[in-house]
Amino acid sequence: MNTENFEIKAYPEMWESLNMDVERFDKMRLMLGEIYGKTYLTQKNRPNSMAYFDNMIAEIHGGRIQELLNAKKEGKPVVGTFCVYIPEEIVLAAGGVCVGLCGGSQGSVPDAEKILPRNICPMVKSAFGFKAGRICPYFQAVDFVYGETTCDAKKKTWEILNQMVPTYVMEIPQTKKPSAVDMWLSEVKDFKTKVESIAGSEVTLDKLEEAVKVMNNKRKALQRLNNLRHADPTPISGKDVLLIEQIAFYDEPVRFVAKVNSLCDELEQRIADGVTVQDSSAARIMVAGVPMALPNWKLHNLVEGAGGVIVNEESCIGTRYYKDLMKENTGDMESILKELTRRYMQIDCSCFTPNDERIDQVLKEYKESGAHGLIHYSLQFCHTYNVEEVKIRKACEKQGIPYMFIESDYSPEDVGQIQTRVEAFLEQISE
Amino acid sequence: MFIGVDLGSRTIKVVVWQDGKLVDHKIEESGFEPHEQARAMLLPYQPRQIVATGYGRHLAKEHFANKVITEIKAHGMGIHTLLPDVTTVVDIGGQDSKVITLNAKGQVANFQMNDKCAAGTGRFLEIMAASLAYPLKDFGPAALESDQAVQINSMCTVFAESEVISLKNRGVPRQHIAKAVHSSVADRIVAMLNRIGFGESVAFSGGVANNPCIVQMVRDRLENVQVTVPENPSIIGALGAAIAASQVSKS
Ligand code: SF4
Ligand code: SF4
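Line by line, the protein sequences are chains A and B.
For the record, in the first sequence the residue sitting at position 145 is 144 according to numbering that gives the first Met the number 0, with numbers rising by one throughout.
For the record, in the second sequence the residue sitting at position 193 is 192 according to numbering that gives the first Met the number 0, with numbers rising by one throughout.
Since the hints were derived computationally from the structure, they do not count as laboratory data.
Heads up, some of the hints might be wrong.
[Claimed, not checked] In silico SDA-like cross-links for lysine to any residue, where the CA-CA straight-line distance does not exceed 20 Å:
#	chain 1	residue 1	chain 2	residue 2
1	B	Lys-60	A	Glu-426
2	A	Lys-397	B	Thr-100
3	B	Lys-66	A	Ala-305
4	A	Lys-397	B	Asn-193
5	B	Lys-66	A	Lys-175
6	A	Lys-8	A	Tyr-51
7	B	Lys-66	A	Lys-393
8	A	Lys-397	B	Lys-66
9	A	Lys-393	B	Gly-196
10	B	Lys-104	A	Lys-75
11	A	Lys-390	B	Met-191
12	A	Lys-397	B	Arg-194
13	A	Lys-37	A	Ser-410
14	B	Lys-104	A	Ser-429
15	A	Lys-337	A	Asp-189
16	A	Lys-393	B	Met-191
17	A	Lys-75	A	Ala-198
18	A	Lys-397	A	Asp-359
19	A	Lys-37	B	His-57
20	A	Lys-393	B	Lys-104
21	B	Lys-60	A	Ser-196
22	A	Lys-175	A	Lys-337
23	A	Lys-390	B	Arg-194
24	A	Lys-175	A	Met-325
In isolation and in its complexed conformation, chain A is listed as follows (with noise of 0.2 Å):
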């Protein structure tokens, strides 16, 4: 596939029937094609196997909208999710469906700033722009969306989201007390009986722990793709894994799990061929931060367009996701909700205090990627993950770690001097 004929496939009818501006909405189809295809099929030597991946992009407004259509019209329920504390477990159980609601793009933050301040984070805008400016297929696609209280700009832009779409919202506890793992046990049981009122079914121990394995084993999956990528040369560049992390929160999870395995198998072959993506002297790079959400490259296009590789992504789209599983075979139903719970609670995300575990989670995967080098990166506006960046500069010093704070929105008017910041932290590295 070259750039030239790389589009995102348009389906106007779908959209109209979803009450989308449409109009607008294909003037952003053909933008996303156009920067898809200068940011990824430009790149060499890539897997075969990313074709699949490609093609999830082609059909991203189209092919998986219909796929969640079709299971809704089953009676199924699609649950808009935004955050990695979803227990998706549950609402396959219940045959139902997770999405992940894209926020990563400029071209939703106005929608949002006509109705919430300006300075809070871009991933929140850029989420609320979809809906606000209906804008997005998914988020018109859904029975509800799945809010948590990880963060104050999250917490309170729900209420306002819940005047335009259903959002139901979980407490997320902010420490890890056994007095908090309680709670959310609760609120894990509670969120149980949402989803099967909404699916009109009860989720049964048999289809829970089935949920279980799929769960595990799209985990399984992305941890096999995450080692295969520290292999040294790489072969697999970093900002094609994104991609894969990214498509791991909107894809049919048996199918997605099917060709991740492929992609992998590919890999092996290539490791033991000595195929590479890029120089044998690239400097390895290590990201750890905030979740990059969907269409959000920036970083990665920078560092690999600069000539370095990105070996790692210790964030919610990346390790954070899948790097814990669950017990299979647990036997009841209240050993497997705590079970869950124990799961979810191991989350190292920065709301946590303290989040201690989040330090050595970092260093553990730096040294497992066998980087060179690590940019923490946040968003603008988010307290928690800058905050908690000092704590991870101080580590990094004591280990002598290269180490590079960017923090950024998803205008472009900071590009210019991120690529130069990038090229000299590169430069630092190979010295």
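Could you slot chain B with the ligands onto chain A? The hints should help.
Just chain B with the ligands, lined up with the frame of chain A:
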């Protein structure tokens, strides 16, 4: 013969390096097609290698340069060659300011750049000078004449300018306001230095180093630190690029 070109936001600088010495240099205001202009500036020379740096470095590489390096590396190399004992470089250019720490070999150990706004840059000083009706070259000397401490609190160029205007309209003499403007830039630079750590010997580079008030104020704020301004601070980036060009050929 090796050439370094620094395509900055305001000016283009060329340095010619031969037999381990700086033999020629040029500075021009940059026009609309900086790469064409830079190419014209190079016409008299027959270099073996050209290395470009600055905002327009990639454009230069597309058209004529053999290699690019960032301004950060270029300023580090330039200063290290002239002043080998320097531990930290403060580069205040037209669009941004940077603090660069060097290891004993003169390699970049760490660096910081100002945020994406103009505060703390040459541009900021230019705007403020204009709003106080000073020619840029008189701005620093005028501020040095003031003995009164007025404060400008805003970090943002737009707000700082309105502070300047309101001080003006309160009848505050303009050299006092000029001093306040310089203090705010010096404070920002010192804050960056403190964040990154700076060692015993700091050197300036970039055009703003020609402003005596900024240099004096930074010097006053750093205790027990030697602060040096090289003879021609504007061309340090181009010099670093020229030295890098001489090393490309060696390797
Ligand atoms: S960073 Fe925290 S709040 Fe954001 S998606 Fe991840 S877990 Fe959720
Ligand atoms: S990036 Fe930070 S501010 Fe933005 S939604 Fe996530 S936790 Fe909240």
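Hint check results:
{"no.": "1", "hint": "B/Lys-60 with A/Glu-426", "verdict": "17 Å, holds"}
{"no.": "2", "hint": "A/Lys-397 with B/Thr-100", "verdict": "18 Å, holds"}
{"no.": "3", "hint": "B/Lys-66 with A/Ala-305", "verdict": "13 Å, holds"}
{"no.": "4", "hint": "A/Lys-397 with B/Asn-193", "verdict": "18 Å, holds"}
{"no.": "5", "hint": "B/Lys-66 with A/Lys-175", "verdict": "52 Å, violated"}
{"no.": "6", "hint": "A/Lys-8 with A/Tyr-51", "verdict": "15 Å, holds"}
{"no.": "7", "hint": "B/Lys-66 with A/Lys-393", "verdict": "34 Å, violated"}
{"no.": "8", "hint": "A/Lys-397 with B/Lys-66", "verdict": "34 Å, violated"}
{"no.": "9", "hint": "A/Lys-393 with B/Gly-196", "verdict": "14 Å, holds"}
{"no.": "10", "hint": "B/Lys-104 with A/Lys-75", "verdict": "65 Å, violated"}
{"no.": "11", "hint": "A/Lys-390 with B/Met-191", "verdict": "19 Å, holds"}
{"no.": "12", "hint": "A/Lys-397 with B/Arg-194", "verdict": "16 Å, holds"}
{"no.": "13", "hint": "A/Lys-37 with A/Ser-410", "verdict": "18 Å, holds"}
{"no.": "14", "hint": "B/Lys-104 with A/Ser-429", "verdict": "14 Å, holds"}
{"no.": "15", "hint": "A/Lys-337 with A/Asp-189", "verdict": "14 Å, holds"}
{"no.": "16", "hint": "A/Lys-393 with B/Met-191", "verdict": "17 Å, holds"}
{"no.": "17", "hint": "A/Lys-75 with A/Ala-198", "verdict": "6 Å, holds"}
{"no.": "18", "hint": "A/Lys-397 with A/Asp-359", "verdict": "13 Å, holds"}
{"no.": "19", "hint": "A/Lys-37 with B/His-57", "verdict": "18 Å, holds"}
{"no.": "20", "hint": "A/Lys-393 with B/Lys-104", "verdict": "24 Å, violated"}
{"no.": "21", "hint": "B/Lys-60 with A/Ser-196", "verdict": "63 Å, violated"}
{"no.": "22", "hint": "A/Lys-175 with A/Lys-337", "verdict": "14 Å, holds"}
{"no.": "23", "hint": "A/Lys-390 with B/Arg-194", "verdict": "14 Å, holds"}
{"no.": "24", "hint": "A/Lys-175 with A/Met-325", "verdict": "18 Å, holds"}
The structure shown violates the earlier hints numbered 5, 7, 8, 10, 20 and 21.
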